[in-house]
Amino acid sequence: MYWQPLPIAIDTTISFSCGIVSGGFASPDNNANGYFNSAADRFIQVVKLYKLGEIKHILISGGNGKQDEKNFREGAWVKSELKAIGSPDSVIFAEDKSNNTSDNAYNAKKILDSLKLKPPYLLITSALHIPRASLLFKKAGISTVPFPCNYIAGRGPFSLSSLLPTPSVLLDWNPYLKETAGYLWYKIK
Numbered sequence: 001m002y003w004q005p006l007p008i009a010i011d012t013t014i015s016f017s018c019g020i021v022s023g024g025f026a027s028p029d030n031n032a033n034g035y036f037n038s039a040a041d042r043f044i045q046v047v048k049l050y051k052l053g054e055i056k057h058i059l060i061s062g063g064n065g066k067q068d069e070k071n072f073r074e075g076a077w078v079k080s081e082l083k084a085i086g087s088p089d090s091v092i093f094a095e096d097k098s099n100n101t102s103d104n105a106y107n108a109k110k111i112l113d114s115l116k117l118k119p120p121y122l123l124i125t126s127a128l129h130i131p132r133a134s135l136l137f138k139k140a141g142i143s144t145v146p147f148p149c150n151y152i153a154g155r156g157p158f159s160l161s162s163l164l165p166t167p168s169v170l171l172d173w174n175p176y177l178k179e180t181a182g183y184l185w186y187k188i189k
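What the sequence shown shows, in my numbering, is residues 1 to 189, in sequence order.
Calculated from the structure, these hints are not laboratory results. Think of the CB as a built atom: it goes at the ideal place given N, C-alpha and C, for glycine as much as any other residue. There's no promise every hint is true.
Think about it this way: if two alpha-carbon atoms lie no more than 27 Å apart in a straight line, the pair counts; the simulated BS3-like pairs of lysine-lysine are [unchecked claim]: (1) K56 with K118; (2) K79 with K97; (3) K79 with K56.
Label pairs and their calculated CB-CB ranges [to be verified]: (4) Y151 with Y35: 18 to 28 Å; (5) N33 with G86: 15 to 25 Å; (6) G141 with L184: 20 to 30 Å; (7) K187 with D113: 16 to 26 Å.
Build the full structure now, drawing on both the sequences and the hints.
Dropping the structure here:
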């Protein structure tokens, strides 16, 4: 199946001109203040990749998929967090108009075209989200190399008992169903 975890292996002889970190890892609280949610490994990995010199620029692609909270803009908030930990303003670009991954790709394309940074770009997002995000960025005309993170399964040892259904496994199907439905929708569309 397409959502199998991908190995994290980057050719260290290549430095990417830009790492695109897909939004969805920061959320607003009741006062529209940002906080990192369960997908925060995206933030951790983009910081690490920048500090190690694997990427030269950072493009945060995330607006606000939460229609009930109009004041929070993920891209702008994450940019302020990157600056707070010492990342220079000159290497951080934020796209904060998007409401979904398709919007992320098309709005990121406009920014990347204006910056004239050399592709391919490193696409940093949750492992489960990589297939759909890669498809949408490709459809938008952006050449990317996937960098999966925020794994929720598949990195530990395998045993035959792992195949037996358990209540906890059944409860965790929502993200898989969302990604599968989204991937099929955008593949057909």
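Here's how the hints hold up against the structure:
no.	hint	result
1	K56 with K118	11 Å, holds
2	K79 with K97	14 Å, holds
3	K79 with K56	15 Å, holds
4	Y151 with Y35: 18 to 28 Å	21 Å, holds
5	N33 with G86: 15 to 25 Å	21 Å, holds
6	G141 with L184: 20 to 30 Å	21 Å, holds
7	K187 with D113: 16 to 26 Å	25 Å, holds
Comparing the model with each earlier hint shows no violations; every hint is respected.
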